[in-house]
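There are 2 protein chains.
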Amino acid sequence: MSNGGGVVSSSTHLLDLLEEPIPGVGTYDDFHTIDWVREKCKDRERHRKINSKKKESAWEFTKSLYDAWSGWLVVTLTGLASGALAGVIDIAADWMNDLKEGVCLSAMWFNHEQCCWGSNETTFAERDKCPQWNSWAELILGQAEGPGSYIMNYFMYTFWALSFAFLAVCLVKVFAPYACGSGIPEIKTILSGFIIRGYLGKWTLMIKTITLVLAVASGLSLGKEGPLVHVACCCGNIFSYLFPKYSKNEAKKREVLSAASAAGVSVAFGAPIGGVLFSLEEVSYYFPLKTLWRSFFAALVAAFVLRSINPFGNSRLLSTRFGKYPVLEVITVAAITAIVAFPNPYTRQNTSELIKELFTDCGPLESSQLCQYRSQMNGTRAYSDVSSQPSTPGVYSAMWQLCLALIFKIVMTIFTFGLKVPSGLFIPSMAIGAIAGRIVGIAVEQLAYYHHDWFLFKEWCEVGADCITPGLYAMVGAAACLGGVTRMTVSLVVIVFELTGGLEYIVPLMAAVMTSKWVGDAFGREGIYEAHIRLNGYPFLDAKEEFTHTTLAREVMRPRRSDPPLAVLTQDDLTVEELQTIISETSYNGFPVIVSKESQRLVGFALRRDITIAIENARRKQEGIMLNSRVYFTQHAPTLPADSPRPLKLRSILDMSPFTVTDHTPMEIVVDIFRKLGLRQCLVTHNGRLLGIITKKDILRHMAQMANQDPESIMFN
Amino acid sequence: MSNGGGVVSSSTHLLDLLEEPIPGVGTYDDFHTIDWVREKCKDRERHRKINSKKKESAWEFTKSLYDAWSGWLVVTLTGLASGALAGVIDIAADWMNDLKEGVCLSAMWFNHEQCCWGSNETTFAERDKCPQWNSWAELILGQAEGPGSYIMNYFMYTFWALSFAFLAVCLVKVFAPYACGSGIPEIKTILSGFIIRGYLGKWTLMIKTITLVLAVASGLSLGKEGPLVHVACCCGNIFSYLFPKYSKNEAKKREVLSAASAAGVSVAFGAPIGGVLFSLEEVSYYFPLKTLWRSFFAALVAAFVLRSINPFGNSRLLSTRFGKYPVLEVITVAAITAIVAFPNPYTRQNTSELIKELFTDCGPLESSQLCQYRSQMNGTRAYSDVSSQPSTPGVYSAMWQLCLALIFKIVMTIFTFGLKVPSGLFIPSMAIGAIAGRIVGIAVEQLAYYHHDWFLFKEWCEVGADCITPGLYAMVGAAACLGGVTRMTVSLVVIVFELTGGLEYIVPLMAAVMTSKWVGDAFGREGIYEAHIRLNGYPFLDAKEEFTHTTLAREVMRPRRSDPPLAVLTQDDLTVEELQTIISETSYNGFPVIVSKESQRLVGFALRRDITIAIENARRKQEGIMLNSRVYFTQHAPTLPADSPRPLKLRSILDMSPFTVTDHTPMEIVVDIFRKLGLRQCLVTHNGRLLGIITKKDILRHMAQMANQDPESIMFN
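Quick mapping for you: the protein sequence lines, in order, are chains A and B.
When we follow the UniProt record's numbering, the leftmost residue of the first sequence carries the number 1, and every step to the right adds one.
When we follow the UniProt record's numbering, the leftmost residue of the second sequence carries the number 1, and every step to the right adds one.
Same shape as in the complex, but just chain A (with noise of 0.2 Å):
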């Protein structure tokens, strides 16, 4: 047993490479995947020496604290700036959305609620309605009532829906393409382990809050709830920036957006629980316990700081993608959105707003127009046997517009996922589910009035109680679509349950979930933002999705049997020439480096990039480097004829413990394996002999084959 000389006291590649730090080895290029097992390492050895270090002098250990609290700080960082973020957001897309109807003279830069709270005029009732607010057909025709003042407010609605929707594209497109769409998909690739540089920049951040008022303003059918994960997350980025800790690993990194991820929904919804287990259940791929207890105290930072700013806020707001004319697309869809919402109060007023109405139950205070049949009745209520209310014709006018409204929300969801501008598809999910929701709500609300006999209504319905509860159904049909279209599961019910606070609402809640994910999984396990992923080519592999075919490594690995055979380095015969050619006729990322071409056993693998930067900086710094110098990877130099010229060392790139399968291994361990530990190759071996390599990519273009897809579709490395 050859046993490499002894016992050396301590890692000698990670000494080697902190040694002779060549700049730019071990960093990674863009829309590339991550080395999850190197980064980890890089981070201990760097606490190592903070740590061995600490007891030299105070302002050592000083460093040392402020590393060690550096974690909680840029966490705290993000969730402050996120909650603070979101506040702005709330208040601007309310003021705008409200510009679209008119403006408050008194003072501009109210919204129409905050205009009418200091007029004394205004009774309980009618508390939309001040002399302050000002329609447009007041300001511009002098005329309130009548159809010309209707046809006037009417265009202007259009005419801002236009203008808003056509700044929000025209500023994505120029400065920050980055900034369209939800963003969650690209996160989840992101936290997976690959690179996409300036996705979570401070162009896009700005980008993407302006715009996202402004889509919101719109009127478009779209949502902030996305969108505001992936700006939280850019906060996260940039303040990381600020900590070497951070900014120098690409893992380390990944733990503060997971942490990012999660307040950017607790200041979405107001729900830091909900956005936590979001944060674990949809979005996050390494998830260590420090990071989940970091999450929540990011999500509540957030939430606190967000309620501070917008104590009544917690308002709630949706886009697919045709890519060939941005600008005409939006404005296209804008127009039709704003021509078709304005007339149908369901689809005029905020989303948000919408969805709050639709899930408060029928009370005697309220004033909306779902309950108006139920306030007619109010006087004889009490000589009422009946279980419910009957319909007046009041019901039956909500009910009418309520079905256009789910029909014109359905259809400019569809339309309106995918334009090149923020967009979220929460909210409009969730108004879907909820209209639908209220709708079988108030049908059942009558059935058990004009049948209160029936044997299902006479069990549950006690004479003169309420037994049917519309804004419950509301609740459970919003998380039953959203349940649908996301496939989250116990994370969408702490977020319901979160936002509307009752904990009796659990079960139904649950059996909602449940069911709309198990139709939807009869039709295809993935959820949208999966989908997404796919669409767009992301090296992501799945976490859920489990692996369930019988193919072994050797079937997998590469070079197939028609392929030419696998580019080897060998550890000690090569030279700067030879070594070069290889690189130059190949397009792998990295080479296994072996003992000899006969014996075929492993020594290490040495990556493509870093192989590039050692021998530039070498002809750089190093003298008497030559095309024909001979290259080594072993501990010491080999002996080479007195006349050849120097050799180069490249022991300190070398992986010394590259991640090595069998090729009898079944492909479900090698799955497992690259998931759990984060991988980006692993190399094959057969009794001792090395055989072939498996990359990231070559493992989803097999699950691609497997499913009968295209293996073409994965596009990254």
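Please keep in mind that the hints were generated in silico from the structure rather than gathered at the bench.
Warning: the hint list may mix true and false statements.
Unchecked claim - Within a straight-line C-alpha distance of at most 20 Å, the following computed SDA-like cross-link-like pairs (lysine to any residue) qualify:
1. B/K40 with A/T548
2. A/K42 with B/I582
3. A/K42 with B/L683
4. B/K290 with A/E546
5. A/K597 with B/S599
6. B/K40 with A/L541
7. B/K42 with B/P244
8. B/K621 with B/F175
9. A/K676 with A/P288
10. B/K54 with A/T548
11. B/K676 with A/Y285
12. B/K49 with A/T551
13. A/K49 with B/E546
14. B/K54 with B/F31
15. B/K676 with A/A522
16. A/K544 with B/Y286
17. B/K676 with A/R675
18. B/K54 with A/T550
19. A/K55 with B/K676
20. A/K290 with B/E546
21. A/K49 with B/S599
22. A/K53 with B/H549
23. B/K544 with A/F287
24. B/K63 with A/A522
25. A/K42 with B/K63
26. B/K63 with A/T548
27. B/K290 with A/F287
28. A/K53 with B/T551
29. B/K676 with A/L541
30. A/K290 with B/V25
31. B/K42 with A/E546
32. B/K290 with A/P288
33. B/K55 with A/T548
Remember, predicted model here, so these are calculated numbers, not experimental data.
Since chain A is already given, all that's left is putting chain B on it; use the hints.
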């Protein structure tokens, strides 16, 4: 490159395993660790078989449906059973607890509270006094007041407490020794992949349920929360025997146990979401998202059943290890507890009621002694211009009693935890924290009363308003104390939040839990359960603790420098006799199989238990297997001389995809692989040659050594 014989259509070694199933191969010995990777492969193989068969007939299709739904069925049954058992335990413990003080003559099976519900003569203030309820002094001496009756009640209280404790310890000692303690450290170890036969069996369940009632009723300073988790896990284990999918697969069984532990916490505290997070954060090891969802479901079912059985329940309760004279110890501690507890109302009452009282703020209807000083002031309240209430003699006596109760609880809890009876730590810890918190709360309240002009109080306390809520101090104290003991974080906050139901308390609770975790971590990073696992020497590889040393795989692997060479098997030149000699001369659990002693190239890994079973099986069934029969692990039999006996093929028990790492792999990566993939052992190679082996026990020993602990404390394999 040797490619082993071309592409074979499917997983050969697995099929081999299934084609020639040798009974006993693939099972585990007691006190051994399971191989997660192998178990999960077995389950996927089973799943594929069912899937391929299901199109054959309607019966097979029904079977596949049953198989798919069995996971939900088993968690539903577990939830139902845990909820029902928790309800029974609650009711029985309440009744027996009251039996120490007296009996309900009109209905013997009523506890004190139920007995007095029916009474018309009871006023709200004196709701615990009614003629139907007779104290022992009334029954035996015929008088309710006076020193004689006090002594008689005191005597009977002590008598019953000692009887219950004696019965409990005897039952545990004779029938089910595993029923003692909280069970959480063992469940954590079992969930991490350790086998302890009988720990979750029907005897343990039965005896634990009965003795838990007895131990709680005896008044010992112990809680029923931890033991309820053990009871729920027993239910999960027993129900999993109804489904071969779970009973025959140790990895799948642990999914059910994770869900069961969530159900246990759910019924213990009435906190289903907290239960799921507890299972995730504190107990579980392998926690796929499917388990999260099932845990949630189990927790809900259990909470629902408990509430239907015992709607007014939600009472809660709290055990040190001497070990030599268990009965005597229990009796002694029970006697001291009973004698010291009786005179002080705060120690005599049920601990969970005490906690409830401490959490409750004083309102006008509150009859608690803690609020007497407030009730006396009620009349003058409106005229008071101060922030809070002045103290009366009542508050001083309450404060004194609370201080004595605090000292008593701390001392008795230390001595009780570890007694050989079922005992939990949650409620006693919470009680200690709640008492301390309430004392501080009352002190601050008095301070605010007498010094309401201090700048601190001036700013926060409006005149005439209650600015200090001692109940909140008690809650925060309880959370902080429990957090310090268990080092739970998110799940603890969610449990206390679900117990108290106020979203506004989350921030103070989080701050308290975080502070106590940091202070605790400064003294040592282990929670009480981890400390117990270490004391018992279980092979538990903690997923939370980071491995921060720089050692390499070759420093940890065996054989060490001074050891004899690694025991290996060659693939085709051993005889049965030689194989048996190797097995009998070593005590290793498995042996690497290599091509030849010269090349040291690795082929696979064979487990000792499997080899022994396979040889015995061959002796019994196959004819012609002699001591000098050749043993071969290759696909085809080696060419042998004509007169040699029939060879023995052992390829079916060979694991052809053993995990390997290189000798240069840093131990931090090795530890990570063991944790994430749940390995039992891993082989170490250098340049393609086998060098040694690392087992889970080697890693735990190495970690103990690096932490300057005794490496021989790790006792099992």
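Index of numbered hints that the structure contradicts, given in increasing order: Violated hints (numbers, rising): 2, 3, 8, 14, 15, 19, 21, 25, 30; every other hint is consistent with the structure.
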